[in-house]
Amino acid sequence: MPRGLSTAFAIARKDLRTELRTKESINASASFALVILVLFSFAFNLERDEFYAISGGLLWLVYSFAGALIVNRSFSRELPNDCLDVLVASPAPGWAIFLGKAMAAFVLLTIVEAISLPIFGLFYNIHWMDSAGPLVIIILLATWGITVVGAAFSAVIVNVRLRELMLPVLLYPILIPLLIAAMGSTTALLSGEAMTGDNFSYIRQLIGFDAMYTALALYMIEFILVM
Amino acid sequence: MREKAIWILGLLGALAMIFNLHTVFLNLPDEAMQGAVYRIIFVHVPAAMNADLFYTIALISSILFLVKKNFLYDSIAVSCIEVATMLVLVNLVTGSIWGKSQWGIWWAWDLRMTTQLMCFLLYLGYLVVRPAITEATQRATMSAFIAIFAYADIPLVIMAIRLPNVRTQHPGAVLENGQMAPMFLPPFGIGILALFLIASALVLVRLHQETSQREIDSLRRELHAI
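If you read the sequences in order, they're chains A and B.
FYI, in numbering that gives the first Met the number 0 the residues of the first sequence are 0 to 226.
FYI, in numbering that gives the first Met the number 0 the residues of the second sequence are 0 to 225.
I should point out that these hints are in silico values taken from the structure, not numbers from a laboratory.
Note that CB positions come from ideal geometry on N, CA and C, so glycine has one too.
Watch out, some of these pointers could steer you wrong.
[What the hints assert, rightly or not] A few chain B residues that face chain A, going by a derived Cβ cut-off under 8 Å, partial list only:
{"hint": "1", "residue": "L91"}
{"hint": "2", "residue": "I132"}
{"hint": "3", "residue": "A135"}
[Claimed, not checked] Quick look at which bits of chain A chain B covers, simulated, 3 or more residues with Cβ under 8 Å:
{"hint": "4", "segment": "153–160"}
{"hint": "5", "segment": "209–221"}
[Claimed, not checked] Some chain B residues flagged as far from chain A (calculated, every beta-carbon gap over 10 Å):
{"hint": "6", "residue": "G9"}
{"hint": "7", "residue": "N69"}
{"hint": "8", "residue": "F70"}
{"hint": "9", "residue": "Q101"}
{"hint": "10", "residue": "W102"}
{"hint": "11", "residue": "G103"}
{"hint": "12", "residue": "W105"}
{"hint": "13", "residue": "V128"}
{"hint": "14", "residue": "T133"}
{"hint": "15", "residue": "M141"}
{"hint": "16", "residue": "I153"}
{"hint": "17", "residue": "L155"}
{"hint": "18", "residue": "M158"}
{"hint": "19", "residue": "F183"}
{"hint": "20", "residue": "I215"}
Please put together the full structure from these sequences, using the hints given.
Here's what the structure looks like:
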């Protein structure tokens, strides 16, 4: 394994360990997801079958809100005691620091999603177990997109006033193509449509988004961290 | 010198715009299918083209800033993005008016409109976040990063009506497929030129403000040092 990659895993492990000991953002994110799921049930007064038509939209709104809470802490976690300066000064390459942060956020968001998916199915009577395999692929692809872009912007705004407010302003517009694809494919999947034609092109859109922004973020992050 | 350039560009742009409006409203006939409202194309499309041009200049100067760390490039980028975002707003509003008249609705969520709205929101985010960063180097670096990320949307906007298997309500690229009558071409070209001249003048005004601001900031720092 190249040295940078093992550094990235070390940073991801460190982030996950800190987070699982304090449970700062994961608790906030999971309970926020739960609250939003409850609120949606009042927002839409629909028959059971009609819920399938908006299921993907509901699920991904919840996930993207929860994701913003997770990635917000990605880099700002390092601010106390000047930990970020130490990380940047260490021999670890910038992309490895970023990749580690993104991987940790990815795992945390996946945990939140794994908690809220059964609750979502339960509240809205949606049988997601029948299509669990493809659904997991969609969730993993889109979650990586959210966390890689989110972690990049978390690094950008780490020193900004009101960063909790600024992150969503930057993050959601850039996530639009990803969310369109994730919402569309999830709705199609849960409604029992075949994943061919247009529905399959959603998957391609997810992969393309992930590849493009991962490459862009990994290449650019050095400029952001080293200033 | 710069002030003279701003005046000349602005005046030429205004003259071209007045000349063009005269041609468009008084000399050109109504279009066969759409009636009078088609005239929006002489503002709508030039606004989008100029916006893309200035976003591209902003992208190049953002990259140059990251490479050379010269603050002039940062000032060029922010000036271009402010003016281009205004042009995108013009594009969205005129498009919406045309849509109301032709489709009966103000907004349709098709690929072209969604990507263009996304472009507006992305650069709006740039303009909102920028003043929140106090330290100058940091502000310029972060802005450059956001500008490069946001630019990824522009090819999507341009391709949105050219992809073969995308269903879109937005009219096709009439310039490329030759569906535009030859008599509409000169006002269309002058429309692009007029908006380019006006936008360039505005960019220069903003650039002037940015450089003065930087000078004031450095004087203030010097004063504090004393």
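Here is how each hint holds up against the structure:
Annotation: interface hint on L91(B) violated; nearest CB of chain A at approximately 14 Å, more than 8 Å. Interface restraint check for I132(B): the shortest CB-CB distance to chain A comes to about 5 Å, inside 8 Å, so the restraint holds. Given the 8 Å rule on beta carbons, the hint for A135(B) is violated: about 11 Å separates it from the nearest Cβ of chain A. Counting residues of the segment 153–160 of chain A whose beta carbon lies closer than 8 Å to any beta carbon of chain B gives 5, which meets the minimum of three for the stated coverage.
For the segment 209–221 of chain A, the assignment as covered by chain B holds, since 4 residues bring a beta-carbon within under 8 Å of that chain's beta-carbons and 3 suffice. The beta carbon of G9(B) sits about 32 Å from the closest Cβ of chain A, which is more than 10 Å, so the claim that it is off the interface holds. Separation of N69(B) from chain A is adequate, the least Cβ-Cβ distance of about 14 Å exceeding the 10 Å criterion. With a least beta-carbon separation of about 14 Å from chain A, F70(B) lies farther than 10 Å from that chain, consistent with its non-interface assignment.
Look at Q101(B): its CB is around 25 Å from the nearest CB on chain A, clear of 10 Å, so calling it non-interface holds up. Against chain A, the non-interface label of W102(B) holds: every CB pair exceeds 10 Å, the least being about 21 Å. With a minimum CB-CB distance of about 24 Å to chain A, G103(B) clears the 10 Å threshold, and the non-interface call stands. The non-interface label for W105(B) is consistent with chain A: the shortest C-beta to C-beta separation is roughly 20 Å, beyond 10 Å.
Consistency note on V128(B): stated as away from chain A, yet its beta-carbon is not over 10 Å from all of that chain's, at 5 Å minimum. T133(B), annotated as away from the interface, has a beta carbon of chain A within 10 Å; the closest lies near 7 Å. The beta carbon of M141(B) is not kept farther than 10 Å from every beta carbon of chain A, the shortest such distance being approximately 5 Å. Once the 10 Å rule is applied to beta carbons, I153(B) is consistent with being away from chain A; the minimum gap is 13 Å.
Listed as a non-interface residue, L155(B) fails to keep its Cβ farther than 10 Å from every Cβ of chain A; the least gap is roughly 7 Å. The non-interface label for M158(B) is consistent with chain A: the shortest C-beta to C-beta separation is roughly 12 Å, beyond 10 Å. Taking the minimum C-beta to C-beta distance to chain A, about 33 Å, the non-interface status of F183(B) holds against the 10 Å cut. Against chain A, the non-interface label of I215(B) holds: every CB pair exceeds 10 Å, the least being about 21 Å.
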